[in-house]
Amino acid sequence: MERKVTILLHSGDLDKALAAFIFANGYAALGVEVKMWFMIWGHNCLKKRRSLFSFRKQLDPAQEGAYRVLETDNILQPMVEMLNRGGAKHLPLSRLNLMGLGPLLFGRMLSKKGIPDLKELIQSANELGVKFIMCQICFDAFGLSVDDLIVPNVEVKGVTAYAKDTLEAQVNLFI
Amino acid sequence: MKVDKEINVVGRSCPIPLISLTKEVQGMQKGQVVRITGNDPIFESSVVDCCQERGHTILDTTREGRTISIVFAV
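One line per chain: the protein sequences are A and B, in this order.
My numbering applies: residue 426 is where the first sequence begins, and numbers increase by one.
My numbering applies: residue 6 is where the second sequence begins, and numbers increase by one.
Rather than coming from a laboratory, the hints here were simulated on the basis of the structure.
Idealized CB from N, CA, C, for every residue including glycine.
Possibly wrong hints are sitting among the right ones.
Claimed, not checked - Derived DSSO-like pairs (lysine-lysine); straight-line CA-CA distance at most 27 Å:
#: 1; chain 1: A; residue 1: K556; chain 2: B; residue 2: K7
#: 2; chain 1: B; residue 1: K10; chain 2: B; residue 2: K35
#: 3; chain 1: A; residue 1: K429; chain 2: B; residue 2: K7
To be verified - Counterexamples of contact, computed for chain A against chain B with all Cβ distances above 12 Å:
#: 4; residue: N450
#: 5; residue: A550
#: 6; residue: V596
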């Protein structure tokens, strides 16, 4: 029987995302098929970090993508985007965040011990063949696009696909 | 012993040894020999477990202080 694992990352906190990606890498290294699902705040660690404003009057095609263009039909999505910019290197800690100082100190602590940071773990998970799947509701609610993520080949699926995957898998984690 | 590939993960912590082991082994043929060197406290047990799961045979283990090298056949 083929071994399968699903990991659902719901939280956008750095410590929880680190744990999720370390599990994903560990399972993938043992040759297990891993599917990672991203919900609500979990999508923050796959989002490209973009600046809010651009001082250029016109979009330069060579530099396109310097700031995020949301495909949106309401005013709330850009406002949420301003407060929730995401990026794997800019996630907060769930404890001892210290207004943004916590993640910096935490990152320095990890790199001193040779522990990889979140971005490195995401890249290696991608190289080891972990499948990334995003929730359709999350995409709609935040006005995201698949091209705006740091990993290629992200699928967008719904709850029935998740139910099917979890019933097939031996281990299901919800973080 | 003839070694086809060397992997050096000295100073790197879990799960980097497993990740680099898996990445390096992916393109290799059965019977080729790999040596992996590291000094993480759980390095030996995690590599042994990983080899067991993936079906590699461990040929030799040497240790100098905290640094451990494990030779295995793919």
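- Message: Need the list of violated hint numbers for this structure, in ascending order.
- Response: Hints 1, 3, 4, 5 contradicted; others consistent.
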